Amino acid sequence: MRETITFVLNNRIEQVSNLPGDTTLLNWLRQRRRLTGSKEGCGEGDCGACTVVVARREAGGEMRWHPVNACIQFMGMLEGASVTTIEGIAPQGDGAPDLHPCQQVMVDHHGSQCGFCTPGFVMSLFAAWCNGDGLAADEIDTTLAGNLCRCTGYRPIVEAAAALTVRAIPPAYETSRRRREAELMDKIAHDETVVLGDGRRRFIAPAQKEAFAQAYAGSPGATIVAGATDVGLWVTKQNRHLPDMIWTGRVAGFDKVAKSGVHWRVGPAVTHAAAMTALAEGRPDLAEVMRRFGSVQVRASGTVCGNIANGSPIGDLPPMLIALAAEVELSGVASNRQMPLQDFFIDYGKQDRQEGEFVSAILVPRAPAPQFRAYKISKRFDQDISAVMGAFNLSVSNGRITDARIAFGGMAATPKRAAMAEAALIGSQLELASFTAAAAALAEDFTPITDMRASADYRRQVAANLMLKYGMDLTGTPVPRLTGSGGDLAPGQLRETV
Amino acid sequence: MNEQRIGGDIRTRRAHDSAHKHVAGSAVYVDDITTPEDTLVVLIGQSPHAHAAITAMDLAEVAAADGVVAVLTHKDIPGTNDCSPVYGDDPILADGEVSYVGQAVFAIVAETMGAARDALPLANISYDERPAILTIDAAMKAGSWLGPSATMESGTPDTALAGAAHTLSGRIEIGGQEHFYLEGQAALAVPGEDRDVTVYCSTQHPSEIQHKVADCLDVPNHAVTVETRRMGGAFGGKESQGNLPAVLSALAARVTGRPAKTVYDRDDDFMLTGKRHDFRIDYSVGFADDGRIEAVIFEQAMRCGMSWDLSEAIAARAMCHADNAYHIPHMRVISHRCKTHTQSNTAFRGFGGPQGMVGIERVVDEVAHHLGLDPLVVRQRNFYPHKFTANGGKGRTPYGQVVEDCVLQDIVGELATTAGYAARRAEIDAFNSRNQVIRRGIALTPVKFGISFNTTFLNQAGALVHVYTDGSVHLNHGGTEMGQGLNTKVAQVVAHEFQVDFDAVKITATTTGKVPNTSATAASSGTDLNGMAAQAAARTIKARMRTHLAEQHQCSPDSVTFTHGRVRAGGAVMSFAEAVKSCYLGRVSLSSTGFYATPKIHWDKQRSRGRPFFYFAYGAAVTEVAVDLLTGENRILRTDILHDVGRSLNPAIDIGQIEGGFVQGAGWLTTEELVWDDAGRLRTHAPSTYKVPACADRPAIFNVSLFEDGENIEDTIHKSKAVGEPPLMLAISVLMAQSHALESVGDAYPMLDAPATPERLCLAARRLGGPGISLGGS
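Residue numbers (numbering that gives the first Met the number 0), protein chains in the order written: chain A, 0 to 497; chain B, 0 to 777.
Just chain A, same shape as in the assembly (with noise of 0.2 Å):
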């Protein structure tokens, strides 16, 4: 076991000791190292001021750079990692321009005004540049979903992006940085345990599953952190001290989306961002949700599994999950089982789960279900949590419903089951008529509240009018969705319906 957590900061390797395990990097870059081009504009991960980007290896080896909140990353979930921030991206070595291009663009296009944010967007950038995507046009909304910006109204900052043409050959100052980048990592790579701690909270970082259950075994009460998503606001915005946490991010084997019988089985650590490919196969509706779901540097961080654990009444992942019957995978020291997701979900802030256990699998259906639909309705189209979140799946034979699993967010104090809309709809034929008249029965599956999100008025409409919705997208009269980013939605590209 370390004390002693070691990364790669813009290119060097730092050790870092004796700090509270709830330290989030930013406090640490701003206070302790001075590098104040990351900003603080929130908090909690909306905003993107803070973000740096950092870079692991993938599940298979090859290097993948992250674009990060470092607001809410805790400082021992760097162990292994090269971070780097605003200040580290200027390019090194004779004659090399003073600016990086994802930088130069940004002034060339009049892309920063009061300059806040700036960083922040110069680093998304630089994250999908050196990725090689993220930067066509239509990709490009999305790549800075989770930046704001409150002066330019975007137009300069998209076509800033839309110039960075990303190169197949970097150019020899990247080719340098990024070669010394991974040599770093190499050298520090290790698979001991490592704690991060002052005494009073810690930050338990373990590398195999026998530590992570070994550590877990021996604080039973600590809170497991995948992507910090969640837990780190619990930190920033609620002053909460958590004595001991314990991160299933460098478990080996944990990040691992793979078959399992007629199921993908789901991993503890796997981001939203490794899972999206497996699950929104054959599912455009799954792909489009999460393209919405928080933003690149959320999907970067944080869980499929950590989004089911944390049981909050909206996410947007469990309504889907439960209408595609997905399980859930509990493990404790000794312990392990397995229930259908839907009856995960108790109570507004209680979940089955016992002290000592841990969600470590969700296990998703493979097989095609052609009548899913998902819709996510929201105040704003990327980035925000919804008013309701409904997902529709129907198994149909010779044009009549045989099965029905409906599942709404934000209209219980859980992800929830529509049982009496289903019972209407199963039996009945395909035809819209069904879905109105499912529709009316979900006024006794619900009784929704109303919050700063929406009224429970709405709430009650919208769900109704998604069920008709749905009939229609699947009686062939689908609505064209307006969820598109702004640019790809010309007026001329709307199609038309009934």
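No wet-lab data here; the hints were simulated from the structure.
The structure displayed is predicted, hence computed values, not measured ones.
Some hints could be false.
[Claimed, not checked] Cut-off 20 Å, straight-line C-alpha distance, at most; resulting in silico cross-link-like pairs (DMTMM-like, lysine to aspartate or glutamate):
| no. | chain 1 | residue 1 | chain 2 | residue 2 |
| --- | --- | --- | --- | --- |
| 1 | B | K541 | B | D557 |
| 2 | A | K236 | B | D8 |
| 3 | B | K20 | A | D107 |
| 4 | A | K255 | A | E280 |
| 5 | B | K386 | B | E707 |
| 6 | B | K505 | B | D469 |
| 7 | B | K140 | B | D94 |
| 8 | B | K386 | B | D714 |
| 9 | A | K236 | B | D264 |
| 10 | B | K74 | B | E96 |
| 11 | B | K505 | B | D8 |
| 12 | B | K74 | B | D57 |
| 13 | A | K236 | B | E96 |
| 14 | B | K718 | B | E707 |
| 15 | A | K236 | B | D266 |
| 16 | B | K140 | B | D281 |
| 17 | B | K386 | B | D708 |
| 18 | B | K20 | A | D97 |
| 19 | B | K20 | A | E86 |
| 20 | B | K541 | B | D8 |
| 21 | B | K541 | B | D603 |
Place chain B on chain A using the hints.
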């Protein structure tokens, strides 16, 4: 001799002076300033109640907590317990009573923010809750006003209304808006010798901070220096709201003798600071068959919150923009300033103008609907006369100012053509008749916005220019940089005067030690005022140089020229630096102040009459939207803008202001919804719950052009026009386009309130008889 135009001259697309630092992360904001080791942090303890008496306050445990150095209450204030901009009604720290949830009650001064946050819940304060008035409706019912209501009147509105061929009346409610500057409020105070203090502050108004700090500490103004290099956005939210963190930092520094910093985190910023006023506007309109509006009576009720702040001037601007672009012969505008137990609402880009303008645009839209006319036709029939047709009294506003510079006929005509308005409207109407769920809408709305502070004396500015012996120039002025490019434009003006490269002009932090007694950088007037003051300073220096060089080279001072980096005197040609050196050796002062006061303006606030504005800025926008009637989801498909900035000093910066203003205005009218609960607690206090536009929310097609024939008829800096605020109101076209989309649903006028969230649009569509499930009882 090589004669290039100077780099970064006026009228060029010179990049923001700090662009390089912005992208490098090296631009310094208040929280980035390197501070001495012993710097303390200040955290505010806030009221949990909307209205209550404080019956007991025991902070002993807070004071005894680890890392806490001091706990401040109103009793620690040596001078005046007030941080208000005008009326003396904003306590720094509550004294006996709290008037909103979030109000500052005490302040913890600690070694670290962690220590301060840990100590916060140890406060033991007893409150005796009182009834709270939270909304406009409640305030109007209870007669809870900050002061008497005001009336502006022209013609005989009652008679005209009674005699009109058609009349309508209605109400629109318009929500407030949080500034959401990315950099929260921030101030750092460093104590000096005597009882001096230097305050580094993210503020639009360093002079006011200086005054409030001096009053709080009971020292003369000369003991306080306030410096602002740049803000990470402001939008009006740092005109008065920077006072509290600055004063608290200075007070903490006084009490402890150590530097102290107050930086609001996002939640505290939402809870503590004022926002754009929400409005409830009742209207009655009388009009003719052709859509000509004879008379309008508006009753504007605005939620001011618990104190005045800048609400009186904001109310005046709302009244002065209740006509927008329309010459309405008979008009009455009544303004109620509601006092509520909520944050004290404050300046926000447009300063009441946007709300006033939404009122009249709604009226015009409803008139057009009633008559079955294209709203654009009704708008055009009611415009103020064009500048070449204006004659005595013909185009007089309800407050008595003659509109002499109207160019809306030109702008709207050109825009309607380039945007293909008429054909698109026809195509959209056809589309809507064929489509059940997705409806589209289009609207063209104009903006006429008055430029100058309504409060006449604020229209003054100073500058200080030094020329050093190497020919480099030090520029300082009273304006502050919040991202709008003010420093860039003023430096362009000075570079142009001396005919030196932009890079030869050093932009320096705004400080009360160099230019005193300044006004806030606000009312879009930053460049108009400070550009003129800096030009005056440069011209003073140039005049002295001319005199000296004329003597040296045996020519008349008038014949000495500064062009393209060269100075010519008699037969001599020299570089600017050589000319400067010669002046220095000739013992000529190479430093000067400059001053400017806007001419022609006056305002009688008692009678709501006068000429408050030096000139008007004009623009127009066409926006097309799509709305899903089943869900209320919507998108801006396309926006075309043509805007008049006079003769632009910097087209790139001006277009940036127009685009950014439009998107910010669109956010205000669509997704940005502030929600308070029944106990007066703001429930939307972070970006997770308060939704400003994200990248994909900008119009899918966004065409922005400057009006090419634009030229200020008044003598402004190089004939340019102010651009900070006016473009925000171009976004009213979004709300009107949504209204158009919903008009296709049924016969009734949609009566949309703002913000038109998906919820409002969906429920309005149901109300109008659109598609969807009928829920019966609800």
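Now for the hints, and whether the structure bears them out:
1. Distance check on the hinted pair: K541/B and D557/B sit about 11 Å apart at the alpha-carbon level, within 20 Å; holds.
2. Proximity of K236/A to D8/B is assessed by CA-CA distance (about 47 Å); at most 20 Å being required, the pair is judged violated.
3. Distance hint between K20/B and D107/A is fulfilled; the C-alpha atoms sit about 13 Å from each other, no more than 20 Å.
4. Under the criterion of a C-alpha separation no larger than 20 Å, the hint pairing K255/A with E280/A is consistent with the structure, at around 17 Å.
5. About 16 Å separates the Cα atoms of K386/B and E707/B, which keeps this hinted pair within 20 Å; it holds.
6. A threshold of 20 Å between alpha carbons decides the hint, and for K505/B with D469/B the separation of about 13 Å falls inside it, so the pair holds.
7. Distance hint between K140/B and D94/B is unfulfilled; the C-alpha atoms sit about 28 Å from each other, more than 20 Å.
8. Proposed proximity of K386/B and D714/B is supported: the alpha carbons are some 16 Å apart, at most 20 Å.
9. For the suggested pair K236/A and D264/B, the alpha carbons sit about 9 Å apart, so the restraint of at most 20 Å is met.
10. A C-alpha spacing of about 14 Å is found between K74/B and E96/B, which places the hinted pair at or below 20 Å, so the restraint holds.
11. For the proposed pair K505/B and D8/B, the alpha carbon gap of about 15 Å is at most 20 Å, so the pair holds.
12. Annotation: proposed proximity of K74/B to D57/B holds, straight-line Cα distance about 13 Å (limit 20 Å).
13. Restraint check for K236/A and E96/B: not satisfied, since their Cα atoms lie roughly 27 Å apart, outside the 20 Å limit.
14. With a C-alpha separation of about 13 Å, the suggested pairing of K718/B with E707/B holds against the 20 Å cut-off.
15. For the hint pairing K236/A with D266/B, the CA-to-CA distance comes to about 8 Å; that is within 20 Å, so the pair holds.
16. Pair hint K140/B plus D281/B holds up; C-alpha atoms about 15 Å apart against a cutoff of 20 Å.
17. Using a Cα cut-off of 20 Å, the hinted pair K386/B and D708/B holds, with the two alpha carbons roughly 13 Å apart.
18. With a C-alpha separation of about 12 Å, the suggested pairing of K20/B with D97/A holds against the 20 Å cut-off.
19. For the suggested pair K20/B and E86/A, the alpha carbons sit about 11 Å apart, so the restraint of at most 20 Å is met.
20. Distance restraint check for K541/B and D8/B: the Cα-Cα separation of roughly 17 Å lies within the 20 Å cut-off, and the hinted pair is therefore satisfied.
21. Annotation: proposed proximity of K541/B to D603/B is violated, straight-line Cα distance about 39 Å (limit 20 Å).
Going down the numbered hints, you'll see the structure goes against 2, 7, 13 and 21, while the others check out.
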